[in-house]
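Chemist: Listed here are the chains, written in short residue letters.
Protein chains: 2
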Amino acid sequence: MYTVIEGGVTAAKGYEASAVEAGIKYKNRKDMAMVYSVVPCVCAGTFTTNVVKAAPVLWDKEVVENSANARAIVVNSGIANACTGKQGYEYCLKTAQAVAKDLKISESSVLVASTGVIGMQLPIDKMVEGVHKLVAAKAPGLAAGTLAAEAIMTTDTVSKQVAVNVEIGGKPVTIGGMCKGSGMIHPNMCTMLGFITTDVSIEKSLLQEALSNIVKDTFNMITVDGDTSTNDTLLIMANGLAENETITEKNEDYQDFVEALYYVCEYLAKKMAGDGEGATKLFEAKVVNAKTKEDARTLSRAIVASNLSKAAIYGCDANFGRFLCAMGYSGAQFDQNDVELFFESSEGRLQVFDKGTPIVFDEEKATKILGAPEVTIFVDMHEGNEEATAWGCDLTYDYVKINADYRS
Amino acid sequence: MYTVIEGGVTAAKGYEASAVEAGIKYKNRKDMAMVYSVVPCVCAGTFTTNVVKAAPVLWDKEVVENSANARAIVVNSGIANACTGKQGYEYCLKTAQAVAKDLKISESSVLVASTGVIGMQLPIDKMVEGVHKLVAAKAPGLAAGTLAAEAIMTTDTVSKQVAVNVEIGGKPVTIGGMCKGSGMIHPNMCTMLGFITTDVSIEKSLLQEALSNIVKDTFNMITVDGDTSTNDTLLIMANGLAENETITEKNEDYQDFVEALYYVCEYLAKKMAGDGEGATKLFEAKVVNAKTKEDARTLSRAIVASNLSKAAIYGCDANFGRFLCAMGYSGAQFDQNDVELFFESSEGRLQVFDKGTPIVFDEEKATKILGAPEVTIFVDMHEGNEEATAWGCDLTYDYVKINADYRS
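Chains A and B supply the protein sequences, listed in that same order.
Under the working numbering, think of the first position of the first sequence as 18, with each following residue one higher.
Under the working numbering, think of the first position of the second sequence as 18, with each following residue one higher.
It is worth saying that the hints were derived from the structure and are not from the lab.
Treat the hints with caution; some may be incorrect.
For identical chains, the list gives no copy identity; a pair is met inside one copy or between any two copies.
[Unchecked claim] No more than 25 Å apart at the CA atoms, straight line, and that leaves these computed lysine-lysine pairs for DSS-like:
hint : residue 1 : residue 2
1    : LYS47     : LYS111
2    : LYS44     : LYS310
3    : LYS42     : LYS150
4    : LYS121    : LYS418
5    : LYS143    : LYS418
6    : LYS418    : LYS150
7    : LYS103    : LYS287
8    : LYS303    : LYS221
9    : LYS372    : LYS103
10   : LYS150    : LYS385
11   : LYS267    : LYS121
12   : LYS287    : LYS111
13   : LYS310    : LYS78
14   : LYS118    : LYS385
15   : LYS121    : LYS372
16   : LYS150    : LYS121
17   : LYS382    : LYS188
18   : LYS47     : LYS372
19   : LYS267    : LYS382
20   : LYS382    : LYS221
21   : LYS303    : LYS267
22   : LYS310    : LYS118
23   : LYS78     : LYS103
24   : LYS372    : LYS308
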């Protein structure tokens with residue numbers, strides 16, 4: 018059983034972080050961050066399925082798949098280094114080389130990540146200068162992790178980090194993470210940018226398997242705008258400093274680790290959904306008793322991804338037909354005559370659709386329920402035993418405002 | 018070769034129409050319309066692929082597939098008769114029965130269609146009363162068709178109709194149509210509601226084949242908000258009064274008819290996209306030299322469907338990375354190093370991306386091009402010979418406003 022604690026990427030043993038103003042694109046704010054492990058780590062990652070992959074995604078896939086170990090992650094906000102051709106990839110190499118030289122580690126143990134405008138080249142001199150500052154500033158302690166979580170933000174309104182303790186094989190293990198989200202969020206294999214550190218000792222292949230499985234029900238179940246980014250990257254580093262007996266099989270230790278990691282991923286994913294661009298509330302869809310797990314995921318995602326559903330949630334409009342409509346075009350097969358649909362929040366619970374027939378409900382109560390800061394559409398399919406939950410946010414004027422002129 | 022003429026569904030020989038205030042949901046506006054043929058017609062249709070099909074869709078599929086002929090279409094706006102269970106289907110039957118009795122025709126030759134709020138039952142007494150008025154008011158002439166096109170609107174800001182003349186086998190043939198769109202527009206097999214009438218003489222199976230093929234490149238290539246409606250219906254009636262030699266094979270007559278029908282469908286589809294809820298402009302994506310036709314369709318649709326692309330078009334923001342990002346997650350495979358991307362409008366043409374590399378372009382010129390009322394993103398894939406065009410609109414504050422409180 019895990020316990021939630023303070024902190025983020027520097028909560029686990031042996032991790033340091035830093036954040037600096039490099040002037041990549043923003044003025045007067047920190048826009049580069051580094052996470053560093055004092056000893057070599059095994060690492061795993063999941064990446065965007067977008068055919069147009071950003072240069073750092075290509076770089077990190079190479080490191081995750083082929084490097085013996087990882088030591089550092091360097092992140093910049095402001096420019097995404099996507100759609101930047103060969104030069105973009107060379108800039109990943111140059112960034113990693115600068116980190117490697119300053120830290121006296123191998124360039125193939127350096128992960129890089131970028132977020133921001135697509136189709137602009139990075140100012141590489143500023144990046145390299147930023148690396149020097151990051152290495153000089155790196156420090157252990159929770160404050161350093163908090164600064165890093167702030168530096169990776171773009172249109173995010175709050176920074177997002179979390180950490181948990183869990184006992185594994187009699188040893189205290191810590192897992193901490195941070196992420197940024199906000200727009201172009203419809204992850205497919207993982208989220209915009211997420212970074213998790215842990216001191217657990219675990220084999221690389223099991224770390225990757227745990228991460229890939231958990232992502233399916235956490236980061237891959239959120240959406241802000243249906244746009245799967247070119248840069249989606251989720252990385253985890255495990256440095257073994259907890260000194261637990263190395264996890265090499267799917268035993269009880271593995272299960273304990275997975276449970277704690279699941280919490281970290283779900284927490285960060287939900288934070289990202291609730292802080293979607295322009296969002297005023299977290300919009301959750303829970304589908305139960307579906308025929309298959311995949312159906313449950315498909316149906317719940319379709320509800321939170323629908324522009325019409327999202328606009329109705331913004332307006333506290335009990336227009337439940339839009340949720341059924343979204344389920345209907347999701348690709349999952351079902352009979353509307355089996356379906357029950359409920360609104361849920363801290364303000365109560367209300368059934369609105371009963372196996373094919375609309376229910377005449379109390380509009381005032383519905384509006385009150387939908388006015389809460391976290392709203393759930395609960396759907397009982399009455400077709401099987403599988404369930405899934407997806408998270409999104411409402412669609413607001415501010416989403417349009419933010420994205421009608423994002424670059425300026 | 019066809020000629021565009023005045024009018025809509027009453028342009029062809031032997032068609033009458035009417036529109037009345039039935040008080041279904043709106044006040045002080047016409048909300049029911051009828052199209053009637055003085056002689057029996059062959060008919061064809063394409064319908065929503067949404068699993069949650071509205072009652073009138075189920076009714077019309079039955080008529081299109083199994084009835085010997087069709088005589089009338091009755092349409093109401095305000096309530097969609099979707100998610101309404103058995104009672105909803107019975108109301109289709111009752112509506113058709115009322116029409117059949119008044120017109121002394123078979124109930125199985127009556128098509129019905131509804132658009133509006135999902136999950137509310139129709140006030141059937143008002144519907145039946147409306148039918149009596151529609152039958153009493155039916156009249157030939159272009160004015161009657163225009164009134165019908167107005168009565169089927171919901172959040173549409175303009176009514177949409179078109180007609181063409183084409184000579185087939187030495188006889189003048191007319192095709193006229195009307196449609197409504199605006200929100201919940203992401204047709205998959207056809208559009209929200211579209212009705213086409215023609216006096217051509219053609220075999221039913223060929224009429225269906227022509228319609229189904231044309232829909233793939235016209236109505237199925239538009240999107241407003243990515244939400245495939247429960248009610249999408251496109252119907253065509255052909256009454257043979259043009260007295261051309263009946264088209265029974267894919268000869269020159271068939272090609273002439275298809276060419277004219279294609280124009281009617283494309284015209285109506287584009288009108289629907291440009292009049293999307295809250296839209297300020299028509300947003301077109303043209304993809305050329307793709308590997309396959311399906312790739313070209315997928316890529317062009319992804320561009321106009323992306324919220325981020327749509328918001329950028331609204332803001333005249335030359336953020337071309339969003340178009341590439343949307344292409345990347347569309348499902349089509351390609352190499353960004355082959356791709357060229359251009360902005361086009363009445364204000365000029367500008368290349369912004371050249372085979373993997375962003376081009377440094379004149380921002381002022383880009384903003385001017387994107388400020389036009391019709392904007393095209395032109396993409397050359399350099400991979401094959403197939404092309405497709407998709408149409409959508411920008412994403413604006415008004416889209417959110419309209420949909421945050423649609424029901425009130």
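Chemist: Please list, smallest to largest, the hint numbers that this structure does not respect.
Modeler: Hints 2, 4, 5, 6, 7, 8, 10, 11, 12, 13, 14, 15, 17, 18, 19, 20, 21, 22 contradicted; others consistent.
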